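Protein chains: 2
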Amino acid sequence: MDDTLVAMLLFTTIHHTAQWGDSNDGGVRRLTLTDEDKEVRGWLAENVKELGCTLKVDEVGTMFAIRPGSDNSLPPIAMGSHLDTQPAGGKFDGILGVLGGLEVLSVLKENSVKTRNPIAVVNWTNEEGTRFNSGMLGSSVWAGDIGMEEAYGLKDVDGKTFRGELERIGYLGTVGANHKKNALGAHIQLHIEQGPVLEETGKALGVVTGVQAMGWLYVTVNGRCQHCGTTPMDRRSDALLAASKMIAKINEMVLKLEGMSTVGIISSERPSPGTIPGKVRFSVDLEHLDDDSRALMVERAKKICSLIGELKNGKIDIEDTWTSRRVRFNPLCIDTVREAATALVGEDGYAELPAGTGHDSVNTSYHCPTSMIFIPSQNGISHHPSERTNQDQW
Amino acid sequence: MDDTLVAMLLFTTIHHTAQWGDSNDGGVRRLTLTDEDKEVRGWLAENVKELGCTLKVDEVGTMFAIRPGSDNSLPPIAMGSHLDTQPAGGKFDGILGVLGGLEVLSVLKENSVKTRNPIAVVNWTNEEGTRFNSGMLGSSVWAGDIGMEEAYGLKDVDGKTFRGELERIGYLGTVGANHKKNALGAHIQLHIEQGPVLEETGKALGVVTGVQAMGWLYVTVNGRCQHCGTTPMDRRSDALLAASKMIAKINEMVLKLEGMSTVGIISSERPSPGTIPGKVRFSVDLEHLDDDSRALMVERAKKICSLIGELKNGKIDIEDTWTSRRVRFNPLCIDTVREAATALVGEDGYAELPAGTGHDSVNTSYHCPTSMIFIPSQNGISHHPSERTNQDQW
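Residue numbers (my numbering), protein chains in the order written: chain A, 12 to 405; chain B, 12 to 405.
Wrong hints could be hidden among the right ones.
Because identical chains cannot be distinguished in the list, a pair is counted as satisfied if it fits within a single copy or across any two copies.
[As the list claims (entries may be wrong)] Subject to a maximum C-alpha distance of 20 angstroms in a straight line, what follows is the list of computed SDA-like cross-link-like pairs (lysine to any residue):
| hint | residue 1 | residue 2 |
| --- | --- | --- |
| 1 | Lys326 | Asn390 |
| 2 | Lys260 | Pro284 |
| 3 | Lys125 | Val186 |
| 4 | Lys192 | Asp346 |
| 5 | Lys290 | His395 |
| 6 | Lys166 | Gly37 |
| 7 | Lys191 | Arg281 |
| 8 | Lys326 | Asn83 |
| 9 | Lys60 | Arg336 |
| 10 | Lys290 | Ala56 |
| 11 | Lys192 | Asn390 |
These aren't lab readings, by the way, just hints derived from the structure by calculation. In this text the structure is predicted, and so the values were computed from the model without any measurement.
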């Protein structure tokens, strides 16, 4: 079977499995542990068994399909990703990595390849974290970053618990959700880039070197809510004007330090076109390839906010809600991906780049050699029904 | 009866009538045409009859209490305001002007004063416009700016119509809601300042010269919704960053032109800390003492928005939703208020100032000589339960 045919089969399974959660606009809505998730899990279970795998389900529902090797005392080499999607998600984010792994299993079987280590395909539970608000949950529990009881207690908006829903769809497994009890020998994840770099630079593949440092601040600007027509400009404490200046200045500062910043949320209390906003809250996502530079960005962002707050006689509260340190993937794994990329698309056909967002591979990287492979995202779009990749490119 | 006693009586009625809509936090919630509004209207009707007035109710429920003069062919000199409040309103906004008028009627009666023109106290319907979304509704219909059918068709959030609610509380009157059919000889309105100027400059009274030019723009910034970690800074079309720059720049421009600007509303589609906002909409209130200067502010604000939009490759839509031209009150009426102020608090005790917001007096000013009197607002606060004035100051 040649590469093109493999790619075509993979596309067939991607479009076939999109029936479970088909959002009728080209996308998929398949929240974790829903009936749609149960269906696609059932389909995966059936297919991996036909390909000669045994299926293990751990205590948080993560599925490990294991194809035996010649030495089954060794931990499996895993190809892992996730089958759950965003509420208005696409057909590729996460899914590609699991179905790509299935395709590899199929090729190994057809060619009767015997590997030394067992080979695994992993479907990590609740990567998206939108139904139960804790992203990369399955791999975080496996990595020991989140406790089992904390995970089990998570509730969706209807008050249904994570544990209850695992049980309901039949995926409350018994294998220890733990990197020691259920070790992996390595973890390779195929994913769409979710950004425009590969497409715009005409590269077919991305060799992912790690994940940049990232994290969130939440800034609350407390000014004074006043009547807009009757309060002279020099007697105001306008929370939204102050917030706007902060957002513009943080952007300037971040560009100088060659980092990235995004204000994705802004909310104002008692909004009315005739009222000076008294309280505004906004998020600041700050990312950098380097941990120290990111720390400097955080420090300067806080300073910018406190100075503008002082000018306007207001009070500023800054919460540092989340920080994720820079991750460097395993050099040997990166080399392996680079060699394969060179063989497939040549020296000029791939780019080396960091991932700009978290993946289950971040969690596995702490406990086994890990790296990732990117393919282009059409127009850089992800987390959206129009999420696509270009079949001809790989 | 001396001035202090009058003031004390007025305070008594203000606190007495606050029982209808008492919000138990020092404020009043008395939305137009509710049961609370019916109660306070009933109280007013009873009191004006005891003071020798006849009561006329027009087709939109505005109440005209008329004390006969020596020549009843002349139109009445009116003291008008409103008894409805904001949802989280205070005890003074609007109410002061009606109960102040009642106090004047009481003094005239006690002293057996006979005036030439009849004297009226007017309670204009739905000044606040929060239940039925059209502010200064009663006076707008009277002035001919809003048609009767349009007013009657307005619905509250529960789908109840303005006409239906007028009927339900018994205030669907038969007097023509029209400045020709029901003319006024003059209109004087006593009101709290709703701003900090009188208090901060130590003045007891404000002689209101008019209302500044004002109006609203709504700006929609259409950028591109993208993933924050994976989209390089130079490939973004960040709607919120562009909006923030616009807000800061509009503020700078307005300060140079000695006008006022307020962005009271901002909203972003699909808010998430990890997503670059693709669409942001905000309001811009622009005010100036002078119509031409306000027009220049509008022009420059539009230019600022379109330039920043171009820079970021986005699309900007600007709606000019509401404009109110500068209003100059009647010079004779202003003189009369100034003379009374001088007699009461001396040359240094009052300030001349424009009103920074709309009042029923704007509508009456188009059809009869009009002016207003302000008293200080404690801390400049209005439209809030903590709205107060200082009794000692008047």
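request  = Could you place Lys290 and Ala56 in one of the four classes (within, between, both, neither) given a Cα distance threshold of 20 angstroms?
outcome  = neither (51 angstroms within a copy, 41 angstroms between copies)
query = When no copy is specified for Lys60 and Arg336, does a C-alpha distance of 20 angstroms or less occur within a copy, between copies, both, or neither?
reply = Intra 38 angstroms, inter 77 angstroms, cutoff 20 angstroms: neither.
ask   = 20 angstroms Cα cut-off: does Lys290 pair with His395 within a copy, between copies, both or neither?
value = between (32 angstroms within a copy, 15 angstroms between copies)
query = From the Cα coordinates, with 20 angstroms as the cut-off, is the pair Lys125 and Val186 best called within, between, both, or neither?
reply = Answer is neither; intra-copy 26 angstroms and inter-copy 97 angstroms both fail.
request  = Give the relationship of Lys192 and Asp346 under a CA distance limit of 20 angstroms: within one copy only, between copies only, both, or neither.
outcome  = Neither, since 28 angstroms and 90 angstroms both go past 20 angstroms.
query = Between Lys166 and Gly37, at a C-alpha cutoff of 20 angstroms, which is it: within one copy, between copies, both, or neither?
reply = neither (29 angstroms within a copy, 39 angstroms between copies)
request  = Have a look at Lys260 and Pro284 and pick one of within, between, both or neither, based on CA distance no larger than 20 angstroms.
outcome  = Answer is between; shortest inter-copy Cα gap is 18 angstroms, intra-copy 25 angstroms.
request  = Using 20 angstroms as the alpha carbon limit, work out where Lys326 and Asn390 are close: within a copy, between copies, both or neither.
outcome  = between (41 angstroms within a copy, 18 angstroms between copies)
ask   = Should Lys191 paired with Arg281 be assigned to within, between, both, or neither, using CA atoms and 20 angstroms as the limit?
value = neither (51 angstroms within a copy, 39 angstroms between copies)
key: Within, between, both or neither: Lys326, Asn83 at alpha-carbon 20 angstroms   = Neither: 61 angstroms inside a copy, 59 angstroms across copies.
query = When no copy is named, should Lys192 and Asn390 be tagged within, between, both, or neither for a Cα gap of at most 20 angstroms?
reply = This pair counts as neither: shortest intra-copy Cα distance 42 angstroms, inter-copy 65 angstroms.
Of the numbered hints listed earlier, those contradicted by the structure are 3, 4, 6, 7, 8, 9, 10, 11.
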